[in-house]
Structures are given as C-alpha cells and as structure tokens.
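S.K.: Sequence:
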Amino acid sequence: MHLTIGPETKLKDLKKEFNEQFPVLKLEFFKQPHKEGEGNSIKEKLDPETRVHDLNPQLESFHMEFDENIKVWELEQLLKEKTGLNIQVFYKRGSSWIETTHSDEATLQELLQEQ
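Numbering (this note's numbering), first residue to last: 1 to 115.
It is worth saying that the hints were derived from the structure and are not from the lab.
Please note: incorrect hints may appear among the correct ones.
[As the list claims (entries may be wrong)] Derived DEER-like restraints, expressed as beta-carbon distance ranges:
# : residue 1 : residue 2 : range
1 : GLU44     : GLY6      : 22 to 30 angstroms
2 : GLY6      : SER95     : 29 to 37 angstroms
3 : ARG93     : ASN56     : 17 to 25 angstroms
4 : GLU8      : GLY94     : 33 to 41 angstroms
5 : GLU49     : LYS82     : 15 to 23 angstroms
6 : GLU65     : GLU99     : 20 to 28 angstroms
[To be verified] Capping the alpha-carbon separation at 25 angstroms, the derived lysine-lysine pairs in BS3-like fashion look like this:
# : residue 1 : residue 2
7 : LYS26     : LYS80
8 : LYS80     : LYS10
9 : LYS31     : LYS92
Since we're looking at a predicted model, the values are computed, not measured.
Note that beta-carbon positions come from the ideal geometry of N, C-alpha and C, so glycine has one too.
Work out the full structure, taking the sequences as your base and the hints as a guide.
M.R.: Below, the structure is given as structure tokens:
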C-alpha cells in the first residue's frame, strides 16, 4: 500500500487514495490532535479542499509505503511525523463511520476483517 503526498496535494486526494486501497476505512484530518482515548471534535475537522502546503509549507513531496499489518496508531503517528498533520483513521460499521479512538492497537487488516 502507498500514499503519495506533495505540497499541492489536497486532503480530499489523500483521503481518496487511501480509501481506494482500503474501501471500508477512511482518513480524516483535524486542526488539533486528540487526547489519548478521546475522539476529535467535528468542529476541528479540516476542509477537504485544503492543500497540504497550506498546513505545512515546509513539506516536500514524498512517497510512503506501508502494509495492512501496520497498527492504526503507527500509521497515524507516521503520517504526523512525515506531514505534520493530525490524522485519524475511521472504519465503516454498517452505514456508520467509527473513529478508531478505542481501536488504535488494531491493524488495518483487523479493521478490514470486522466488516
């Protein structure tokens, strides 16, 4: 699995690229990090039209490889380190999107199998 991220990349494009590889998972971007064990406020959600450069002007383009055995918290932390963005993974259960607040130790594969 991979993500390609550059200064002109829009958040909606990152979300789409991730979701194409993991159809029942999605990324959301927030202004502030959430506290451990707590969720993010919907008011803190960033506009999907925002370019990465607008949030992190120093970011240079890069390509990131990972696999479905990465834990949710590891992916969120890796993306934070590489981009400076506050990212949260969500998974789909029925018709609802669930924030991974209490399943950060799960791997992406484990979340996929819950479906």
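S.K.: Against each hint, give a clear statement of whether it holds in the structure.
M.R.: Verification of the hints:
A hinted range of 22 to 30 angstroms for the beta carbons of GLU44 and GLY6 is consistent with their spacing of about 24 angstroms. Range check, GLY6 to SER95: about 33 angstroms between beta-carbon atoms, so the 29 to 37 angstroms window is met. Checking the proposed 17 to 25 angstroms range against ARG93 and ASN56 shows it is violated: the Cβ atoms sit about 32 angstroms from each other. In this structure the supplied range 33 to 41 angstroms holds for GLU8 paired with GLY94, their Cβ-Cβ distance being about 36 angstroms.
Between GLU49 and LYS82 the CB atoms are about 21 angstroms apart, so this pair conforms to the stated range of 15 to 23 angstroms. The beta-carbon spacing between GLU65 and GLU99, approximately 25 angstroms, falls within the hinted interval of 20 to 28 angstroms. As the CA atoms of LYS26 and LYS80 are separated by approximately 16 angstroms, the hinted pair is consistent with the 25 angstroms bound. For a cut-off of 25 angstroms, the pair hint linking LYS80 to LYS10 stands: about 16 angstroms separates their Cα positions.
A distance of roughly 23 angstroms separates the Cα atoms of LYS31 and LYS92; the hinted pair therefore holds under the 25 angstroms criterion.
The structure fails to meet hint 3 from the earlier list, while all remaining hints are met.
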